[in-house]
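**Student:** Below, each chain spelled out in residue letters.
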Amino acid sequence: MPHRLLPVLLALFIPSLAVAAPSGGEVDRSVAMFEGATGLIPWLVVLPILMPLIGAGLSLTVRSRSSVQHRIAFVALLFGAIAALALFLQVSANGPLTMVAGNWLPPFGIVMAVDPFGALLVLVTALVGLAGLAYARGDVDEAGTHFGFYTFYCLLIAGVTGAFSTGDIFNLYVWFEVFLVSSFGLIVLGGRRVQLDGAVKYGVLNLIATTIFLIAVGVLYGFTGTLNMADIHLVVAELDGAPIVTVGAMFVMAFAMKAAAIPLHFWLPASYHTPKVIVSALFAGLLTKVGIYSLMRVMIMLFADQGSMFIPIIGWLGVITAIFGAVGALAQVDLKRMAAFLVVSGVGVMLIGLGYGTEAGLTGAIVYAVHSILAMTAIFLVLGYAQRLSGVTHLTTGTNLYAVHGLAATLFLVFGFAAAGLPPFSGFWPKLMLVEAGYQTGDVFGIAGIVGIILSGLFTTIAIGRAWVLVYLRPPQEDGVPDPEPTLEPGASTRPFALALVALAALIVAMGLFPSTVIDAARSGAQGLLDPAAYLERVLKVE
Amino acid sequence: METILCVVVGLFFAASIYLMLSPHLIRILLGVAIFGNAVNLLIFTSGRLTAAVPPVLSDHGPPTLQTVEGERVIGMTDGGPVAGHGAPVVADGAPGVADSTQAAADAVTPATQVAADAAAHTGAAANAAADAAAHTANAAANASSAALDAALSVTANPLPQALILTAIVISFSIFAFLLVLTFRAYQSLETDNVDDMRLAEPSPTVPPLGY
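Protein chains in written order, with this note's numbering: chain A, 37 to 579; chain B, -1 to 209.
Please keep in mind that the hints were generated in silico from the structure rather than gathered at the bench. For clarity, every value in this text was computed on a predicted model and none was experimentally measured. Fair warning: there could be bad hints in the mix.
[To be verified] Derived list of chain A stretches under chain B, where covered just means 3 residues or more per stretch with a C-beta under 8 Å from a C-beta of chain B:
1) 303 to 315
2) 477 to 489
3) 501 to 510
All residues carry an ideal CB built from backbone N, CA and C; glycine is no exception.
One chain only, chain B, in its complex shape (with noise of 0.2 Å):
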């Protein structure tokens, strides 16, 4: 999937500058258009991508994307699946539940407890909580550590994901401004060649060579 969408971002980098190499505003506009959407597609794949499995953690690992009579549900790494129907319930969880695999995470890094916190969400709450109780600290600690390093080789980074939201309002915003911009400049400049645009940059006149 990766080695994909790098061919297609290269090719959005190759349409984008040969666009913007015209002198025609309206093309340079349509690659600066292009050149954006080709970092914004760059940025995400360095994020990695994974099918449907979301950064969620409990003692036994990450999760996996399984197939349970004929449909696909995320499950723990340790065997049976926890948490039908995939999509976690965005809701705040009932925080008693949540505290102890909160509290779990919570010695480790604030990447996990993102991750945990995730996982209050869901129904795999009940069962992660329960287990986490169980644990001591450290062994928590250890568990979750372990655990991390193995979510990393299969969960998506969230955080280029949020670089490119505001990657993508800013740059949509600024060509939004580019876009009005340019058509004023056509409809008083009576071009939109640039190479015609020469009010700002008079043909050169020699400076006087004497008093």
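So here's chain A without its partners, still in its complex pose (with noise of 0.2 Å):
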């Protein structure tokens, strides 16, 4: 019903124009807001947010038909992914972007902003969200359409793009939430007993960690009476050390545990496994990439010098993280909990980076954000493509799969690879900088990053040849853990599957081969972050 549609949809649009309006007395509102409506390009920064809220809106509308349910996520992925493209080229030729709710003049309103940073990270789960979408149609069943699979899915893309775009605080814990509660969704969707089991430890520890970044962000109010970050940044320079040890220690923990940092990541291994293939990988690529941002928008942007005594602390837990990650999906024999350990292994060399704190280290690693936000999406992908096809999901049954269907066991050899860190793939480049930076530092714990990176790699190589070995080449084994059935229907179609793979595989080699716009982007993304005074006159700025 269009014509019914269509005045909730101008409202949803130009909320500005009904603020603009005259509302009885002759009020004076240029003191405290923005007059007149917002222009057309700072749209742009909410347009990724706002199209998958709405496919989410949408496709609750028709649950009982799911093919037009995933038309409906299709093209609302699709045009928040050219609003993200968009956005991130505006934000790469002219500098952060702003767009304020309710025309509040900042610090007042909750303001989203975009800095070269966040519109990289936006534009990759864009990317990322349509090539999941793709892989979704074959992967979902009726009853999981019918459940809202579409609607968490894109409420999840939704709320991962907010928090990479919020220049709130609080709003970030509210993004946190959005994408929190879309993941509950998603991970019991199915109901099995083993993803009961999982989602139990996966709700209560994140709930936890939300809880705690709360905690952190209601003192950090007291402290510092805003919520603004720009605003943030300038209060705290001027904040002596003590408040800001007990704020900034509660952060580290939260977002430690957001992104699995060794020892806090009991949780991602313990239920990463359990959901469909495509919503393992979606958190694999996504969810743990915003505690990382996260972390770094607050240890280096908001806090800047308060923030350096947790600086080396992140950076070691940085290090035990990569090499004992790595060190976990060696022990694994089930194929999905080891790439879940490669994941909490990529969140360390991260870390590392972050840790060195200098413009190089973070360069590196925004850009292995980038490259881990692919390369984790596709393993999981490709293990789940295994799986469909031969039923595999243990190291101890062998399958002889590059005899059968040669594509699905290259492309995991590719993915495992680029997650090692191999040329020519997209993992060589950021831990190539990373190790550079660390050895530009010239201290001990420059030498301790480089360590952790090159043992995290070697292991991680050896876990992915192993598995190569021992269940793309091997024929099928007599012994060992018995495997399920294959699901994959007799003549099903495995295009959906392909074409996902296929997409991701052609981003992560491209990635690899021409690595100079990612990296100019981070580089940019890394000078706004120690340096935030774009970011700051953008916010800030009274018109």
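These two chains come separately, so use the hints to put the complex back together.
**Tutor:** Rendered as structure tokens:
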């Protein structure tokens, strides 16, 4: 019923008109509010969030018709991705872009602000969201669709995008909850016993992490009297150390838990292998990176010099996480649990880059985040594809899949080597940059970081190579853990799976061969974190 | 008052952490519920606690609580009670009266405007507006700026309360979800002891050591 939807959509799209309309008295609002409607360009900031949100709402209204739902989600995410690309180009060319809610002048209104760092991650999120959606067409059954898979999927993308685009720390907490709630919906979808087990651990520990984040925000507000990130940056610089120690410790705890840094990682390998593969892949790609993003945003940009005491702690956590994550992957028999530990190991590499605290280190960490979003999503998807083709879930079962289905087997090796950081794939460049950054620092931690990165790469290569040989080359084995039957119905199309995997592989190889676009964007993102003058100017400007 | 609430918040945190350390899911959930309430109280306390002084401003400074003829009323700092029976009328006040008050407050910050808006809705509006109209914009700005500083010491900050409202809604809905999830997990896994929930984390097997 388009004629009924129209006013709602109009109201959704043009709230600024409603605000600008005369409301009775002759009140001069110019001291508190922007006058007039928001220009067209700032809308780019919220469009990558709005599109998936609209998709989520619309797909809920047709929940019994699965093909329509998929199409709605596809169109919504496609428009979201186009908007994200436009946003990325705009921010790369002209610097940070902001939009304020309700036209309140900063720092009073909630501000959405995208700097080059945020714009890069928003774009990658949108691309991975699209690729995952292609896979979902094959992976999600009628019942899953009926219980709202596509709604939760769009909400998750919207929540993650929102977290990358907000300029208000309480608003960041709200976006955390948005994707947390939708991830709850996704992780229990299907309701198998193992999923319930994983979901309980995932749910409780993540809720505790976000609550600690909320405490930190509340206490930070008590000390600074503001929630606007740009304003916090200015106010915190004036504070003396004591309050920041308390608040910073809570932020580190909360975000390290969300990012699954060892020793706060236990929820991740306990839950990521349980839901549908597309859900695991999306979680592995996106959710831990939001923790990393927030840690960088708060520790480097918001706290600046005041946060410097936490930077070495984060770095050492990173060294431990990178090494022992990869060791954990070596110890696993279940393939998806192995991949979950690879996610943890990658988190460690990014934390090492954060621990260097230099421009080179942060640039490497940001490039690694982009790579990790692509590679971790891809690894889970390719493992899920192999499971559909042959039923394989464990290392002990040989399948000889390479002879039967070369594409799935080859792509596993591609994604695995990308995760390990071997050229010519995407993981090579960020690891090289991080090793270089560690060499430049020239202190003990620099060396430890290099050792951590190289050991994690070595162990990851061993784990991937072993899985390749045992699962994809070895003929079926008599003993070992029995696998379930292949779940791909005979005659069913493999096109959705292949499409998603080839798209991700193309991105990963392209990033490995032509890394300069991502590296340039990451460098200006890192510069923006270390010296947020442009960000402050854009956010706090008074027209 | 703040001190008492700080102790309460501390007790809440202690109780919730103790409960969350238990292996039994129902205790963990009770701990999570108390944890959320502790956070809400913490944020509430950080916004200052004052009794019955609303964030209302006039040119004469913040309102005070006075007792007139045995009845508690809100008065202005310059003396006489101007608003009987405390409670502001929550309705769109007469715009004509409100305007001059707002114009005065506008010159300072949005925060004062909010306060002035509220003032316009009380019986104080008539007096305050008449006074404000007599001042130039500059004088009003100075007075209101001083008034703002004074007001910050006696009125509560409404923003943390708005934050709590958001946090309560979120934590309550998530708690409801976890409650149902736990019950389903208890039904199908037949235990509420997380040490026995090993389905997703089976006891380790050694990976194959050779080809």
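**Student:** Work down the list of hints and note, for each, if the structure agrees.
**Tutor:** Results of checking the hints against the structure:
1. 303 to 315: Check passed, 5 qualifying residues.
2. 477 to 489: With 0 residues in contact (Cβ-Cβ under 8 Å with chain B), the coverage given for the region 477 to 489 of chain A is violated.
3. 501 to 510: holds (count 4)
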